[in-house]
Amino acid sequence: MNILKFFTAGSVDDGKSTLIGRLLYDTGSILADQLEALQQSNRKNDDGTIDLAILTDGLRAEREQGITIDVAYKYFQTEKRKFIIADTPGHIQYTRNMVTGASTANLAIILVDARNGVVEQTIRHSYLVSLLGVSHVVICINKMDMEGYSEEVFNTITENYKKMAAKLNLQDITFIPVSALKGDNIVHTSEHMPWYKGTSLLDFLETVEVTVNQDLHYARMPVQWVIRPQTEALHDYRGYAGRILSGAFKVNDKVTVLPSGSSSVIDRIEIFEQTPEEATAGQSVTLHLKDNIDISRGDVLVNSSYLPQRSQLIEADLCWMDNKPMDDSITYFLQHNSKLSKCKIREILHKVNINTLEKEETHEFRLNDIGRVVIKTADELAFDLYTENKANGSAILIDGRTNLTVGALMFRAIVE
Amino acid sequence: MSKYNLDYLDELEAEAIHILREVAGQFEKPALLFSGGKDSITLVRLAEKAFRPGKFPFPLVHIDTGHNFQETITYRDEMVERLGEKLIVGYVQESIDSGKVIEQKGKNASRNSLQTITLLDTIAQHGFDACIGGARRDEEKARAKERIFSVRDEFGQWDPKRQRPELWNIYNGRIHKGENVRVFPISNWTELDVWNYIRREKMSLPSIYFAHHRDCITRNGQLMAASPFLNMDEADIVTHRKVRFRTVGDMSCTAAVESEADQIDDIIDEISASKISERGARLDDKVSEAAMEDRKKGGYF
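As given, the protein sequences belong to chains X and E, one line each in that order.
Numbered per my numbering, the first sequence spans residues 249 to 664.
Numbered per my numbering, the second sequence spans residues 9 to 309.
Check before you lean on any hint, since a few could be wrong.
[As the list claims (entries may be wrong)] Taking lysine-lysine and the DSS-like style, the derived pairs with C-alpha atoms no more than 25 Å apart in a straight line are:
{"no.": "1", "chain 1": "E", "residue 1": "K250", "chain 2": "E", "residue 2": "K63"}
{"no.": "2", "chain 1": "E", "residue 1": "K63", "chain 2": "X", "residue 2": "K572"}
{"no.": "3", "chain 1": "E", "residue 1": "K210", "chain 2": "E", "residue 2": "K185"}
{"no.": "4", "chain 1": "E", "residue 1": "K37", "chain 2": "X", "residue 2": "K590"}
{"no.": "5", "chain 1": "E", "residue 1": "K169", "chain 2": "X", "residue 2": "K572"}
The hints are simulated quantities; they were obtained by calculation from the structure and are not laboratory data.
Chain E on its own, in the form it takes in the complex:
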């Protein structure tokens, strides 16, 4: 008799690789959704572990709101170059130009919610039957209910009452034409697990994750990066701060935190001591108690 005991990061990694290989085995046209954030960067690392020295059995897909942090786009392009994998970009600007969505107006305008339409169009255009995403169940209470293989109807909708039971480590990816499956290989990871993994794997990240000096304004009690994408007026006072970002989304809805953490060890210490959840810095979650649930039902990731 022998006893096995994997370290928690090894166990989470092995589970995620298993899920990625199931996607490759079960679907005709999968895609990996890549936002340039730490979670999707982790997914790319896991895909390397699952399929190298072969090619990825899917392209990377980025839904570009046009309001990105430039550092993220630079990072994305360098990474794609290093990997030698295919990148497909869906542009929210194109959805606006074609009249499929209408840009929001007003002080809190954001392109974040418009992404859903561009995403669904990109899925339809390329015929993707599975989209791998970096969502984690610890992020938000509606996400805690997500399955790892999550079926969306032809309108991209999630129905929490019609989820398939997920038993043992067996994943059922069978779908009807027009449906697609959102797959979340790092469902069981927490924010801290992701950071510990990034440290262990010595992965590089977009520089905005590390403390840097930046012009900011305060909006709804949150610190926002001053940028042409924010509707600013005289009331907005620009101050120069040392900040970093805990999540990477659209510049118009991702808040910064004041921080001195410019090394990964410091970030891990900071998060371990933090009393605010990661999603506490996302304005889009605060619209109502069920904001995330409603967006997911509509087809958001």
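Okay, chain X solo, but in the shape it has when bound:
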């Protein structure tokens, strides 16, 4: 069994929380004591049924205001798969929270209200999904019950969406007509829409492919920790511990250490007490090399025949996440996996108007702004472009004054 991570996007009243609540409720993921708490709650639908949306609003302030404040994570499981849902709010801080949710997701569900069709929000959410490179997109056309379960409405919205999406780089788009409130096509196929020949949302989530499909040569492992017991029995033990970001490492593979550029050969791979011949992306391992070279946390081990980019000047897409606007006169910290480097924003190339998708000239970056910048780092980074290797093509910005995470970076090009 494997795990599918997804998130939902849509504006405040599109029914995101209801959709998640419906998925949990109809798959029997809500237990008796939680259900009892729901039934005692004052929030009910107009017809007196339980308001499933409150399942996802975990904080007091959220229940008071009836809105979602921050990303919450929900878990459920069927016989076929485990699911992790990043429940991201649809209101003002949508960009910051959506980028957060999308950064680890395999799939995005974008809700469209059947009564309103494709609106500005839909464009915005689709743009973010395309920017973050989420592999699969499901467009749930919700509230079909309020449009008489009309096939024509569904077809019109689908066509409009496809026209809009042609401008974006979306990989795999699926359209499903649903009513989260009534439960149509969420877990069970709807009897109200016999014209729809596709699967229910859950069927789709259970069967969509999530395996990492990547070139073996992209072997990258940032060193997180050097294991050196320095005991008599293990005098010469020196293991480089980390999680493989991408690709695969095999015993006897030639590897290069960056930034030093020294190279060696993999002598042994350890995963606790096991010593496999090969380890692949996602695994936390300890690597041993044939030669004693100087390697410490922040260095990255890569396959010598396929080296990453190396530069101190990088063009990147930036999403600004802090209330305090970006200040290009100060030095920030850039964290790229286990490597921390000082950096400056050298130049703002443009900002994207995420309602119209047009590029605009700007001198400032405020909360939720997205655009392209040139970053100058104090140390040389060993990275890949985000489009080729998300894990080694992304970084965060930290404000050293507040220690807050203020920006998300996706590396797009080398500046020559």
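Add chain E to chain X, keeping to what the hints say.
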């Protein structure tokens, strides 16, 4: 081209190990909070996988309410002996004796909430800048909002509105002096994942997790172990039951469930079929709708 597909337990394990190694790499003085429950036992197993054959780069820290199940303490001491790692114990009794906290009175008295003060004192005394805990987001609705690296201010407080966004698998552990970070490596695990992992790894557990005979009383509809730590009176009728515990906390606030499950396979079957959540057996969560949120804001784990 090649395809990789890790099994879900392998993926959760690899993620948790990655988080533990980030703690080791980013902090000066981390600690692993150990309660003797299945979640912190899982953390210890993950720490072995992250750092062996080296030593753990942190001590284990137990906040002892003095109202523990003896089986848990025995298990703790045997485990520390086997691991050869350092254990630091913070005693709630000492906080009571020094007048920093006042013991609750009445029938439902519990030392559970007093732990927070002892924990914060222990953190301050040893200067810990990161505390690794076994909380999971599936446990409770306020926990669903937790980040994996969760910054607490100098008063140990959690502010849900000032959380750092957590992007990709990059964790920002930078803090100001006096602050500390609570780190939750098994955030993405569910109760069932923990049990499946315990089975797969053939880990031992304190015996109270398995069905056994015990004197119990019924309190607020829940089955409690009869013990000197409960304020009992004539109205409390002691009955002998076959029970087990789903979570391990203080004896005064952790309820038992009637069960025949004395093997791990039976426990997994029982949990899979259960209609009550794990936290349904914790009286401390039932005080109000936001009980957990309020305690977390105050510095509780």
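Structure-based check of all given hints:
1. E:K250 <-> E:K63: violated, 40 Å
2. E:K63 <-> X:K572: violated, 42 Å
3. E:K210 <-> E:K185: violated, 41 Å
4. E:K37 <-> X:K590: holds, 24 Å
5. E:K169 <-> X:K572: holds, 15 Å
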